[in-house]
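Protein chains: 4
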Amino acid sequence: MKKVLLTGFDPFGGEVINPAWEVVSHFQSKPYDEFEVEVKQIPTVFRKSIEVLTRAIRDVQPDVVISLGQAGGRSDISVERVAINVDDAMIPDNEGNKPIDEIIVADGPSAYWSSLPIKAITADICKSGIPASISLSAGTFVCNHLFYGLQHMIATEFPNVKGGFIHIPYLPIQTVGRWPAMPSMSLDVMVKAIEMAIIASVR
Amino acid sequence: MKKVLLTGFDPFGGEVINPAWEVVSHFQSKPYDEFEVEVKQIPTVFRKSIEVLTRAIRDVQPDVVISLGQAGGRSDISVERVAINVDDAMIPDNEGNKPIDEIIVADGPSAYWSSLPIKAITADICKSGIPASISLSAGTFVCNHLFYGLQHMIATEFPNVKGGFIHIPYLPIQTVGRWPAMPSMSLDVMVKAIEMAIIASVR
Amino acid sequence: MKKVLLTGFDPFGGEVINPAWEVVSHFQSKPYDEFEVEVKQIPTVFRKSIEVLTRAIRDVQPDVVISLGQAGGRSDISVERVAINVDDAMIPDNEGNKPIDEIIVADGPSAYWSSLPIKAITADICKSGIPASISLSAGTFVCNHLFYGLQHMIATEFPNVKGGFIHIPYLPIQTVGRWPAMPSMSLDVMVKAIEMAIIASVR
Amino acid sequence: MKKVLLTGFDPFGGEVINPAWEVVSHFQSKPYDEFEVEVKQIPTVFRKSIEVLTRAIRDVQPDVVISLGQAGGRSDISVERVAINVDDAMIPDNEGNKPIDEIIVADGPSAYWSSLPIKAITADICKSGIPASISLSAGTFVCNHLFYGLQHMIATEFPNVKGGFIHIPYLPIQTVGRWPAMPSMSLDVMVKAIEMAIIASVR
Numbered sequence: 001m002k003k004v005l006l007t008g009f010d011p012f013g014g015e016v017i018n019p020a021w022e023v024v025s026h027f028q029s030k031p032y033d034e035f036e037v038e039v040k041q042i043p044t045v046f047r048k049s050i051e052v053l054t055r056a057i058r059d060v061q062p063d064v065v066i067s068l069g070q071a072g073g074r075s076d077i078s079v080e081r082v083a084i085n086v087d088d089a090m091i092p093d094n095e096g097n098k099p100i101d102e103i104i105v106a107d108g109p110s111a112y113w114s115s116l117p118i119k120a121i122t123a124d125i126c127k128s129g130i131p132a133s134i135s136l137s138a139g140t141f142v143c144n145h146l147f148y149g150l151q152h153m154i155a156t157e158f159p160n161v162k163g164g165f166i167h168i169p170y171l172p173i174q175t176v177g178r179w180p181a182m183p184s185m186s187l188d189v190m191v192k193a194i195e196m197a198i199i200a201s202v203r
Numbered sequence: 204m205k206k207v208l209l210t211g212f213d214p215f216g217g218e219v220i221n222p223a224w225e226v227v228s229h230f231q232s233k234p235y236d237e238f239e240v241e242v243k244q245i246p247t248v249f250r251k252s253i254e255v256l257t258r259a260i261r262d263v264q265p266d267v268v269i270s271l272g273q274a275g276g277r278s279d280i281s282v283e284r285v286a287i288n289v290d291d292a293m294i295p296d297n298e299g300n301k302p303i304d305e306i307i308v309a310d311g312p313s314a315y316w317s318s319l320p321i322k323a324i325t326a327d328i329c330k331s332g333i334p335a336s337i338s339l340s341a342g343t344f345v346c347n348h349l350f351y352g353l354q355h356m357i358a359t360e361f362p363n364v365k366g367g368f369i370h371i372p373y374l375p376i377q378t379v380g381r382w383p384a385m386p387s388m389s390l391d392v393m394v395k396a397i398e399m400a401i402i403a404s405v406r
Numbered sequence: 407m408k409k410v411l412l413t414g415f416d417p418f419g420g421e422v423i424n425p426a427w428e429v430v431s432h433f434q435s436k437p438y439d440e441f442e443v444e445v446k447q448i449p450t451v452f453r454k455s456i457e458v459l460t461r462a463i464r465d466v467q468p469d470v471v472i473s474l475g476q477a478g479g480r481s482d483i484s485v486e487r488v489a490i491n492v493d494d495a496m497i498p499d500n501e502g503n504k505p506i507d508e509i510i511v512a513d514g515p516s517a518y519w520s521s522l523p524i525k526a527i528t529a530d531i532c533k534s535g536i537p538a539s540i541s542l543s544a545g546t547f548v549c550n551h552l553f554y555g556l557q558h559m560i561a562t563e564f565p566n567v568k569g570g571f572i573h574i575p576y577l578p579i580q581t582v583g584r585w586p587a588m589p590s591m592s593l594d595v596m597v598k599a600i601e602m603a604i605i606a607s608v609r
Numbered sequence: 610m611k612k613v614l615l616t617g618f619d620p621f622g623g624e625v626i627n628p629a630w631e632v633v634s635h636f637q638s639k640p641y642d643e644f645e646v647e648v649k650q651i652p653t654v655f656r657k658s659i660e661v662l663t664r665a666i667r668d669v670q671p672d673v674v675i676s677l678g679q680a681g682g683r684s685d686i687s688v689e690r691v692a693i694n695v696d697d698a699m700i701p702d703n704e705g706n707k708p709i710d711e712i713i714v715a716d717g718p719s720a721y722w723s724s725l726p727i728k729a730i731t732a733d734i735c736k737s738g739i740p741a742s743i744s745l746s747a748g749t750f751v752c753n754h755l756f757y758g759l760q761h762m763i764a765t766e767f768p769n770v771k772g773g774f775i776h777i778p779y780l781p782i783q784t785v786g787r788w789p790a791m792p793s794m795s796l797d798v799m800v801k802a803i804e805m806a807i808i809a810s811v812r
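Residue numbers (the working numbering), protein chains in the order written: chain Y, 1 to 203; chain A, 204 to 406; chain F, 407 to 609; chain D, 610 to 812.
Cross-link-like lysine to aspartate or glutamate pairs, in silico, DMTMM-like; alpha carbons within 20 Å at most:
#1 A:K322 / F:E508
#2 A:K243 / A:E398
#3 D:K771 / Y:D101
#4 A:K322 / F:D494
#5 D:K801 / F:D594
#6 A:K322 / F:D507
Keep in mind that the hints were calculated from the coordinates and are not lab data.
Go ahead and model the full structure; you've got the sequences and the hints to work with.
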């Protein structure tokens, strides 16, 4: 039976929840016949995030790793295509780090592609009635940092693992009182979308 | 026991569903202790929409009338404040009418205020964790037309009725495949928001 | 020769310039053969704005009054259609007033229409290659307040004056450093658009 | 004296003008004391665009290459950071090609960084009062294709050349009649911004 490691960040940037972790934690108690899902919370901290993910991959020995992050302001599930080898933070991470134009892995390539079946994932989520699209940038904050670190681990240490990153919108409650209004997506919708992503990835 | 008439339009503008009617039809079979909800579908047609609503109000004899419409592209529940006495269509309605700069009621005032407790409704929806705000324009298509017609009926024929209009976002399925991505809101979230609006209105 | 009174607000909401005044002041020294333009700066203050405008109208005795305001975040020239009889401020004005749900004119109608030829203005600006559209809401801050006050003055005291309100985007410099990026429009483009509006109004 | 090759695409996607070429052609007749600008129009066609650029670089022997493209919908000057090794078209190019998930250069790296001083360019444009920001994606259409091709040429054939890509907004005239309204920027503002970019690049 295939093993899936699903990760989500803790809250950052003044938010008290992170939809990524809310979605991920839903899979903690969900049994599936065809695969097994292990979940892990990742700190929104440069370097430390990759360390936590590395230990989790070594512990869990997954076939598939899907990392989730919050993309406040986006309207749909965005399946990231590419991670780039640079940290360039506009706000501090959860431990106050704010790297500017720093390389993530000294001898790493400029970019890594997601090794998830991103087109199949996007098509399957859309078929289930939930808006999704391919995204061409995971930013240059901790989301892209972790995504790059994950793909580098896969490239150098876990060649049989498939992995990638998916950005999700705010939860409705995170947008209450904002002006102008911002798009959001319900927890159950996002959980269903990520379930579609997992199924497409273990296929 | 107070009676609430809840209305929603049929699909228009190339859509096969209208979230307004999807939400409204959910209340068809929902029993409440403190109030009773009657539902009515309204055709997205100038004039005819007001006629259908007029008959429904005469039949149901409601204490509160809440009309719902789709506001594609908006991110939150928008509680309309004011209806204006003009039709100015950018697309044809469902029977091909496309009035330009026409007055709705010949001797009617330039505008009517919603007589729903719009601030309380907005606050209560927000308190329930769902984004909502006051909107200052219901447009100049059939939504504003019906809203103006409703307030005119109330002003001239049903002075004890409270009534108003609420715009709701697209359902997620309506935004699948759109580029760029558009905001949406789940049916259950919108149903809960409208339930909050009803409760605030019958209070 | 027809006389035009053109007004623009002083800066508010933390801005150091107001594009409305920047545009208006450009007309101070612009001689035209067919009409004469007088300009007046208006304080972004409830009540006082209307008082200053009233005195200016009595002094200038214009045939046409066009008031301009900044609509940060909008992309095009928006020619306002309707002013509503309510003040509802989300931020304080320049003297700290923040009225909530207050009527502007006690016995005034719920709304006044612009008496400018708004469709002709919009079409002429578009024909000159500049994006423009009819707007259905001037908000509930000082812009709508002044617009309502202007139309009330016209209705009650100056029946031969044509008047209305036009909202304009940020100037490019006001959007420098904003994240996410916001739309703007150059001063010379806005000046040309307002010149088109004046010409259409005095025709 | 340093030589700058400035390129802009021909119109595509139903547009009759391309702001990129409008800006570029402005530099045809502009003499500068410190550098010389040569301009070249590039066809919005996969492969052919790179061929035309290659010939131009061989002819002109520039020190700096800056390629411009239209990014309809963006509000500011966006200085691209990274080109990725994939073509994935949502619309056909000007010769009907619509590659899906194709590699641009068979043995090329996954991505190339711009070798322009992107932070200095962005800062200088902002200092001149024009909004600009770093962009993390040039898309997967012909803009990214040319950008990747340019950086590959530099990496393999012209190691002393600095080069990169800048996306610019629509011109005002391109947004006339659009609903909803879209952001635009004036030609003279964009010309000034690109002049700042050239000066920062030849420094």
